[in-house]
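Asker: Following the hints, position chain B against chain A.
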Amino acid sequence: MSDTEHVIIESGAARQPFNYAVGLHGSRFLQELRDHRRFMAVKCPRCAKVYIPPRRVCGACFVEMDEFVEVGPQGTIGTFTILRYAFIDPETGVQKPVPYGYGFIRLDGADTLFQHYIDIQDESRVKIGARVEPVFADERKGTVKDIRCFRIID
Amino acid sequence: MGKQRVAIVGTGQTFHKSHRPDVNGQELINEAVGRALVDADLTIRDIDAIVIGNMDHFEGINYVDCWSVDGSGGFMKPVIKLTTGGTTGSTLAIGGYHMVASGLFDRVLVIGWEKNSESDTTGAITTAFDPVWDRLVFAGAISGLAAEAQAYMARYSATDRDGARVSVRDRKHACNNPYTQLRKEVTVDEVLASPMLADPIHLLDVCPRSDGACAVIMAGEHIAEKITATPDWIWATANRHTYTYLGDANFGRLDSLAAASREIYAKAGIREPAKEIGVIELYQPYSFAGIMWIEDLGLTGYGQGAEFVWSGATDMDGEIPINPSGGVIACNPIGATGLIRCAEAALQIMGKAEGHQVPDVDLALSTGFGGCFWSDILLHGRRKPDF
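Here the protein sequences line up with chains A and B, keeping their order. Each residue of the first sequence is one higher than the one before, counting from 420 in the numbering used here. Each residue of the second sequence is one higher than the one before, counting from 4 in the numbering used here.
Hints listed in this document are in silico derivations from the structure and should not be mistaken for laboratory results. In this text the structure is predicted, and so the values were computed from the model without any measurement. Where is the CB? At the ideal position from N, CA and C, for every residue including glycine. Don't take each hint at face value.
With the Cβ distance kept under 10 Å, some of the chain A side facing chain B (calculated, not the full set) [what the hints assert, rightly or not]:
#1 Y439
#2 L443
#3 V554
#4 F555
#5 T562
Excised from the complex, chain A in its bound form (with noise of 0.2 Å):
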């Protein structure tokens, strides 16, 4: 071994096997994206704010939330960039293509910000205001990739 050799901790063709729960909300939100493709949020009963992705707790008012409400599909570019530095993604161990369209997504009806792709096949047209619409996956598994990414629609 050279002395510049890298120490790599070698698990083979082995997976992580997390296997992380999202909760009832959570599964909610999901079941709903795979299903019929809606976008279901959640309203805090104290402050009024629209919530998603849906969560038990306020964590502002701490208190619990229940009254779940449809937003989007359709919203605007909350803030966005593109990224364009080469990465490895601790997902998947290898390195992430880019660029790729980096969104915060406003989908109508909801106070935060939805995280996803965009699409930047024309970067002029990707801006803060511009009206977005989710792109589905043709086969939905209740993960956030059963959205493919958001594309402009101005």
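Answerer: Just chain B, lined up with the frame of chain A:
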């Protein structure tokens, strides 16, 4: 209010570099600890307890508190680890302050360190975020900061030249700091000509990754003045760790810094921060933050940060110099970075900043940034606080 006032009585840093293959983590830590003990004229026997932190994922070592004992001097002493992402270093400082202020410990050694060269920084930062909702598109710190800058620029019509001016300032200041990593002046045009990483952030707008450690010794009020004639009194601390999910943030404004700074100003009776504070060591990982966040600190009105920076007010000879050390853009060993800001503010108060000393500093502010748009602040004073 604690049981006793707290002062910083000694600081030490490594000569931060992109790679330190000549030392392992414990040895890197030991360099900073040794320098802090020499600075305070103490020995490790004088230390009552140790607070240490980094970000586990960067080195792939859990239980750094135990692993680091040979280097930290923690043998047979109480040692705890604090880790809060980018804010780790400033959280360490606030934690050390709490330990001394509680009256339970009189001399606490605070250590922040990182060897970013030992792993993939962007990958490690990404795993700090939610695996289901955040990680699909998140690409480490630069991606979130780029989204913040885009939102600010759209709201206030700021330009990439405005951002570049901040980078020019910090990189110039860095030339006067022998401990920092990047000591090379740049021009606005050079910043704009450097590769675009994530719109609008160019390579020269953003911090490097570094290997480095910082140690700070804090002491209770009854012994601080016996240790040094020029203690750096910690007047107040405040922090806000606000959001969990990235999409909850108010992009274009740093609400956490605004709220934490108002708490500090209220505690200390500060009405006009730009006039009353002598110097700021701002945890500013990229250039555009140097415009936005000084507005959130209340140094200037919303949308006026760029004009304030272009006026020279934040340069070394300006009304309120920011980052005399060169700041985070010149050097970023992440777990140490917030503590370096604290140590640099202490150097300014103690009159030990040598080539980057701002004259006659009575009050200094140091900040930390990290996590999901979180902020920590410490207010430092030459005079013992009367509250």
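Asker: Take the hints in turn and mark each one as holding or not.
Answerer: Hint check results:
Annotation: Y439 of chain A was flagged as interfacial toward chain B, and the flag holds, the nearest CB pair being 6 Å apart, inside 10 Å. Proximity of L443 of chain A to chain B is violated relative to the hint, the smallest CB-CB distance being about 14 Å (cut-off 10 Å). The criterion of a C-beta within 10 Å of any C-beta in chain B is not met by V554 of chain A, whose closest approach is roughly 14 Å, and the hint is violated. Interface hint status for F555 of chain A: violated, as the beta-carbon distance to the closest one in chain B is roughly 15 Å, over 10 Å.
Hint status for T562 of chain A: holds, given a least beta-carbon distance of 8 Å to chain B, under 10 Å.
When held up to the earlier numbered hints, the structure conflicts with 2, 3 and 4 and fits the remainder.
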